[in-house]
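J.: Given the sequences, and given the hints that come with them, work out the whole structure.
The primary structure of each chain is shown beneath.
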Amino acid sequence: MSNKHVKAIIIGAGAGGGCIAKELAGAGFSVVLLERGGWPVYDEYINDELISQRTQVLRPAFGPDPEKNPRVFIHPDGTRQVTNSLSGAIHHHIAACVGSGTVSYGAMAWRFMPEDFKMRSTYGEVPGAALEDWPISYNELEPFYQQAEWELGVAGDDSENPYAPPRKKPYPMPAFEQNVDGELLSAAARRLGLHPFPIPMLRNSVPYLNRPACIRNRTCVGYQCPVDAKNGTQNTVIPVAMSTGNCEVRTHCQVAEILSSENGKVKGVRYFDENNREQTQTADLVVVAGSASETARLLLNSKTRLFPNGLGNNYDLVGRFFQGHAYTGAFGLFDYEVKTYTGPGATFGLCDFNHHVEGMIGGGLLANEFNRMPYLFSQTRPPGAARWGKEHKAFQAKNFKKMAELHGPIQEMPMYENRVTVDDTVRDFWGIPVAAITGQRHPLDHENCKYLSARAEEILKEAGAIQTWQSVGGRGSVGGFQHQCGTTRMGNDPKTSVTDKYGRVHDIDNLFIADGSLMVTGGGFNPVLTINALGFWVGKNIVERM
Amino acid sequence: MSHQIIQDRREFLKASIMAFGGAIMLPSCLRNYTPFLFFTADEALLLTAICEQIIPADENGPGATQAGVIYYIDKQLYEVFTWEQDKYRLGLTAINESSLELFSANFDMLPTDKQLLFLKKMEGNELPDSYWKDNSASGFFRTIIQHTMQGFYGPPRHGGNKNYISYKMINLDYPYVVGRNLYE
Amino acid sequence: MKRSRIIAIIFIIAFVGFFGSYSAWNAAQPEHTCASCHEINPSFHSWQTSAHREIKCVECHGTALSNGLHSLQEKGNMVLMHFTGDKHSADIRMSEEQILAIMDACIRCHQTEYSQWASGGHSTTYGRIFLDESHNQMEQPYWDCLRCHGMFYDGTIYDLVEPVSTSGPWKLKDDQMAQRPVIPCMTCHQIHTENDPYGQFAQRLDHDHAEPVVFDTRFPAVALYLRSDKQFLRADFLPGVDFFHNGQKINVSDDPLQRLCIQCHAPNFRREAGSEDNRTPYGVHEGLSCMSCHNAHSGNARNSCVNCHPATSNCGLDITTMNTTFFNPQSEHNIHFVSCDDCH
Numbered sequence: 001m002s003n004k005h006v007k008a009i010i011i012g013a014g015a016g017g018g019c020i021a022k023e024l025a026g027a028g029f030s031v032v033l034l035e036r037g038g039w040p041v042y043d044e045y046i047n048d049e050l051i052s053q054r055t056q057v058l059r060p061a062f063g064p065d066p067e068k069n070p071r072v073f074i075h076p077d078g079t080r081q082v083t084n085s086l087s088g089a090i091h092h093h094i095a096a097c098v099g100s101g102t103v104s105y106g107a108m109a110w111r112f113m114p115e116d117f118k119m120r121s122t123y124g125e126v127p128g129a130a131l132e133d134w135p136i137s138y139n140e141l142e143p144f145y146q147q148a149e150w151e152l153g154v155a156g157d158d159s160e161n162p163y164a165p166p167r168k169k170p171y172p173m174p175a176f177e178q179n180v181d182g183e184l185l186s187a188a189a190r191r192l193g194l195h196p197f198p199i200p201m202l203r204n205s206v207p208y209l210n211r212p213a214c215i216r217n218r219t220c221v222g223y224q225c226p227v228d229a230k231n232g233t234q235n236t237v238i239p240v241a242m243s244t245g246n247c248e249v250r251t252h253c254q255v256a257e258i259l260s261s262e263n264g265k266v267k268g269v270r271y272f273d274e275n276n277r278e279q280t281q282t283a284d285l286v287v288v289a290g291s292a293s294e295t296a297r298l299l300l301n302s303k304t305r306l307f308p309n310g311l312g313n314n315y316d317l318v319g320r321f322f323q324g325h326a327y328t329g330a331f332g333l334f335d336y337e338v339k340t341y342t343g344p345g346a347t348f349g350l351c352d353f354n355h356h357v358e359g360m361i362g363g364g365l366l367a368n369e370f371n372r373m374p375y376l377f378s379q380t381r382p383p384g385a386a387r388w389g390k391e392h393k394a395f396q397a398k399n400f401k402k403m404a405e406l407h408g409p410i411q412e413m414p415m416y417e418n419r420v421t422v423d424d425t426v427r428d429f430w431g432i433p434v435a436a437i438t439g440q441r442h443p444l445d446h447e448n449c450k451y452l453s454a455r456a457e458e459i460l461k462e463a464g465a466i467q468t469w470q471s472v473g474g475r476g477s478v479g480g481f482q483h484q485c486g487t488t489r490m491g492n493d494p495k496t497s498v499t500d501k502y503g504r505v506h507d508i509d510n511l512f513i514a515d516g517s518l519m520v521t522g523g524g525f526n527p528v529l530t531i532n533a534l535g536f537w538v539g540k541n542i543v544e545r546m
Numbered sequence: 001m002s003h004q005i006i007q008d009r010r011e012f013l014k015a016s017i018m019a020f021g022g023a024i025m026l027p028s029c030l031r032n033y034t035p036f037l038f039f040t041a042d043e044a045l046l047l048t049a050i051c052e053q054i055i056p057a058d059e060n061g062p063g064a065t066q067a068g069v070i071y072y073i074d075k076q077l078y079e080v081f082t083w084e085q086d087k088y089r090l091g092l093t094a095i096n097e098s099s100l101e102l103f104s105a106n107f108d109m110l111p112t113d114k115q116l117l118f119l120k121k122m123e124g125n126e127l128p129d130s131y132w133k134d135n136s137a138s139g140f141f142r143t144i145i146q147h148t149m150q151g152f153y154g155p156p157r158h159g160g161n162k163n164y165i166s167y168k169m170i171n172l173d174y175p176y177v178v179g180r181n182l183y184e
Numbered sequence: 001m002k003r004s005r006i007i008a009i010i011f012i013i014a015f016v017g018f019f020g021s022y023s024a025w026n027a028a029q030p031e032h033t034c035a036s037c038h039e040i041n042p043s044f045h046s047w048q049t050s051a052h053r054e055i056k057c058v059e060c061h062g063t064a065l066s067n068g069l070h071s072l073q074e075k076g077n078m079v080l081m082h083f084t085g086d087k088h089s090a091d092i093r094m095s096e097e098q099i100l101a102i103m104d105a106c107i108r109c110h111q112t113e114y115s116q117w118a119s120g121g122h123s124t125t126y127g128r129i130f131l132d133e134s135h136n137q138m139e140q141p142y143w144d145c146l147r148c149h150g151m152f153y154d155g156t157i158y159d160l161v162e163p164v165s166t167s168g169p170w171k172l173k174d175d176q177m178a179q180r181p182v183i184p185c186m187t188c189h190q191i192h193t194e195n196d197p198y199g200q201f202a203q204r205l206d207h208d209h210a211e212p213v214v215f216d217t218r219f220p221a222v223a224l225y226l227r228s229d230k231q232f233l234r235a236d237f238l239p240g241v242d243f244f245h246n247g248q249k250i251n252v253s254d255d256p257l258q259r260l261c262i263q264c265h266a267p268n269f270r271r272e273a274g275s276e277d278n279r280t281p282y283g284v285h286e287g288l289s290c291m292s293c294h295n296a297h298s299g300n301a302r303n304s305c306v307n308c309h310p311a312t313s314n315c316g317l318d319i320t321t322m323n324t325t326f327f328n329p330q331s332e333h334n335i336h337f338v339s340c341d342d343c344h
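Quick note, the sequences are listed as chains F, W and Z, same order.
Numbering-wise (the numbering used here), the first sequence opens with residue 1 and increments by one.
Numbering-wise (the numbering used here), the second sequence opens with residue 1 and increments by one.
Numbering-wise (the numbering used here), the third sequence opens with residue 1 and increments by one.
Be a bit skeptical, because a hint or two may be false.
[Said to hold, decoys possible] Keeping only pairs whose Cα atoms sit at most 35 Å apart, straight-line, the calculated DSBU-like set for lysine-lysine is: (1) F/K398 to W/K133; (2) F/K401 to W/K121; (3) F/K265 to F/K4; (4) F/K461 to W/K87; (5) Z/K2 to F/K390; (6) F/K401 to Z/K2; (7) W/K168 to W/K114; (8) Z/K2 to W/K168; (9) F/K402 to W/K133; (10) Z/K230 to F/K68; (11) W/K168 to F/K168; (12) W/K133 to W/K114; (13) F/K7 to F/K402; (14) W/K121 to F/K4; (15) F/K265 to F/K118; (16) F/K495 to F/K7; (17) Z/K230 to W/K87; (18) F/K402 to W/K168; (19) W/K133 to F/K401; (20) F/K68 to F/K118; (21) F/K169 to F/K118; (22) Z/K249 to W/K168; (23) F/K303 to F/K68; (24) F/K401 to W/K162; (25) W/K168 to W/K133; (26) F/K402 to W/K162; (27) W/K162 to Z/K249; (28) W/K162 to Z/K230.
[What the hints assert, rightly or not] From the derived model, a few chain Z residues whose C-beta atoms are all more than 12 Å from chain W: (29) H52; (30) Q111; (31) E332.
Hints listed in this document are in silico derivations from the structure and should not be mistaken for laboratory results.
Using N, Cα and C, we set each Cβ at its ideal position, and we do this for glycine too.
T.: See the structure below:
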């Protein structure tokens, strides 16, 4: 079956792919958007904790099928473990559906701070880490942050955040209110001289772009929204792209390889369609936006005469600097109820510990936490508490509504050795070699986590918690199970980066990347708005140049 | 109506299949029927006793047995956790053998204090080694704890937490009461 | 000739034999027929102990061949499971068409309740709910509509109505759906219920008060069908939640039937009484259950005042003609929230 030649193929309908699809289709490009999953169907997931994106015990609600999509994790001692999305963190799971993580995320809409784009010039060289500056600055990306905020829809108010990066236009929707623990903890933070403010959210505080306002559904993070008030690419930019008539979304399509011409340009892709039949689609240009792990895997699986080790990989950089976020924080028990379990649970954030701490490199935000549903709560106990039996049950009965928590993502140190490769001996359902992930965290990550957890505990104590304890992250294997990024780092020098500042793969004129893979460093923030902005940025530059 | 005729024809075909199927399936119905997909009745009895110690009925409310945790584990071992089947089959046998050696009785026949003593030994890998060569006692116990928690605190549609009784215990209202959105 | 006659005879014998046994099968007691398959043991047992135990399976479910393709498919799967040894899909789930067919059976006996339901708001249809232009313009249809309207619908909101937007014009993808009720009997009633309802009339003495306690026989027969869970949750297991008025917690009836009502007549996320579709009373009627005034099936509350009130109020006024929405729907004093200081 032959497919009609199009101007652009976009691989992956997630945070980056959705935005660039809208940008290209809106400029009149004919676009095919290939997605390995399907359209998300709320009725299939509803409010089921055991399949939610947060607690995937029985299956991942938003895909992919665990049996068809194995990966390999390479332990420090070299042992290779075949994993799937029920294997826990070491699988580095990524949702597979139109919208991808933006369907089920908690929807925090952070802009990175100017320092996040200049980590090397701000902090100098860090032994063992590969800190670099981005080839673009905050100011260059600012209009695209704004575009993301307005075209997807963000509710927020950063007037009380003294560290807020400069903005040219306010948020399109007013901020959300505080919940009970939010009021309590932000008051305590203020007493400690900190600067709490409402978390900017990709969620409608008022009706926006013809979709309704949030109903404060209890099961928000990890789930799809029953009233479509949470803004992902699947209900914003992708439908807009489709409405131009220029963008065709093909679901359940697993791309196997990017095809190249003899002249070194790419000419299309080979993929398996929804009936698992092999298909070829040609195009003038190809954009890869499959997530840090899958984008790297696809480039590495696309070998040509000019790129015998995979597209863009002549300097052995594709897949390197794989990063994520180490989450860290603290818990506090109160002698009265502080959780109402209205949704989503996270209401205020603090940026006092991003870049403004003597001796800390990077740092991270702190926020009160999303609702912890009963099974996840049963896995949460202070150190030394019973893990089963009468005592364990009594803790659950007594404290389910009396526990508050503050957590945040620590900016991980990018490392040369932390990487995605492919494993020829392990194939997925379609016979494509799978991603093999390896890497251990930099020691600084744990040090930074210790600092942030201690601050979180102080706030909980100040708020009157009768018992507090820290959960300190940042040890062990690389943190790409949450917010993975960095595998096709952008830069000006082809010897030290995979793409140029416009997301174009060095030496391949018509191959672009438009997802978290571009990120040089991961910031101390949830990355989705930055990925949206990068999608728009790469898209605009393609439209202007091609 | 042509639609009706087609349906009748299909129904006729279906009836023939039913009659044929009825004759063939009879032997399978004669086997001892248990409500379990994976466990034997004895295994279910033993595991129920273990789960009830992990989440006992007490002044805070019903325990694992009343919540139907065994049905959750049974269903998921059959449908999802197929890779854990051997661990359970061997592990439950090993528990009974260990219990017979230590206390001269099957686990589910022991009084509560002995059951707790046994499970603490199991948690600390202190059961007789000879029965635990292929299976780690503490590892198996951790697995049972996980599955019991899932069955007790997870949603009922997977077999456990009957009538949301664990939600009742923690005073979590379900279904979540929230209205449509008439803008204020 | 001869050959075709033989074929005809064989055919007639087969025909008579088949339909003979088929009608014998349908006429026999369920324990000898349907319940001989252990897959439906749970349903059989709950039927056997229910108020409907005198009514045979076929009277509601139809015969093996008369209950639509969905039912045939399900039974076919059960047969198949015996061949393959596969134990999946043992759950029996009825299609919306089956639910409505059973509703016809309900009506045969429960004519009063049916006519009450038909006269009230709960007999509304897919057409009236999903093609309501003024509502759709204000708020687009979404997944969650089906939680309370069309909870038995077999597809998703995208299969039901288009476009899923605020811009319209809207239409049902299948015109035939327009007249279907969205809140059938089985929204609030489960037919198979454990426990013998007759046995529950037994009285027991509460020794502290020496008062006879009558068991409530309404549950589990009154139960809400949860679309999310694809099963019923009995009304007395539904949560009672706190309601607020002006930031103060108000008294709320603990009637399980009211707990069922508020699932759909739900307040906003702050749980403010009277917000959104909620009418939880405060003011002089604070603490009353919906059922104190409203007929369960029709929703009608017209003649309910006399249940509690003498003809005149404390101030000597005829309570039915006081300035409330009971007397005049345009009144500024909603009967649910009216308080003494509204007039005094």
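J.: Now tell me, hint by hint, if it's right for this structure.
T.: Against the structure, the hints come out as follows:
1. F/K398 to W/K133: Violated, because 40 Å separates the two Cα atoms, which is more than 35 Å.
2. F/K401 to W/K121: Holds - the C-alpha atoms of W/K121 and F/K401 are around 33 Å apart, at most 35 Å.
3. F/K265 to F/K4: holds, 19 Å
4. F/K461 to W/K87: Given pair F/K461, W/K87 is violated - Cα atoms ~44 Å apart, limit 35 Å.
5. Z/K2 to F/K390: violated, 82 Å
6. F/K401 to Z/K2: violated, 85 Å
7. W/K168 to W/K114: With a Cα-Cα distance of about 30 Å, the restraint between W/K168 and W/K114 holds, given a limit of 35 Å.
8. Z/K2 to W/K168: violated, 75 Å
9. F/K402 to W/K133: violated, 43 Å
10. Z/K230 to F/K68: holds, 28 Å
11. W/K168 to F/K168: violated, 49 Å
12. W/K133 to W/K114: holds, 24 Å
13. F/K7 to F/K402: violated, 56 Å
14. W/K121 to F/K4: violated, 67 Å
15. F/K265 to F/K118: Holds, at roughly 32 Å.
16. F/K495 to F/K7: Cα-Cα ~29 Å, so holds.
17. Z/K230 to W/K87: holds, 32 Å
18. F/K402 to W/K168: holds, 16 Å
19. W/K133 to F/K401: Violated, at about 43 Å.
20. F/K68 to F/K118: Not satisfied, since the Cα-Cα distance of roughly 40 Å exceeds 35 Å.
21. F/K169 to F/K118: holds, 23 Å
22. Z/K249 to W/K168: Satisfied, since the Cα-Cα distance of roughly 21 Å is no more than 35 Å.
23. F/K303 to F/K68: holds, 23 Å
24. F/K401 to W/K162: holds, 22 Å
25. W/K168 to W/K133: violated, 41 Å
26. F/K402 to W/K162: Judged against 35 Å, a Cα distance of about 25 Å means the pair holds.
27. W/K162 to Z/K249: Holds, at roughly 31 Å.
28. W/K162 to Z/K230: Holds, at roughly 14 Å.
29. H52: holds, 21 Å
30. Q111: Since the minimum Cβ distance to chain W is about 28 Å, Z/Q111 lies beyond 12 Å and the statement holds.
31. E332: holds, 19 Å
Checked against the numbered hints above, the structure breaks hints 1, 4, 5, 6, 8, 9, 11, 13, 14, 19, 20 and 25 and satisfies the rest.
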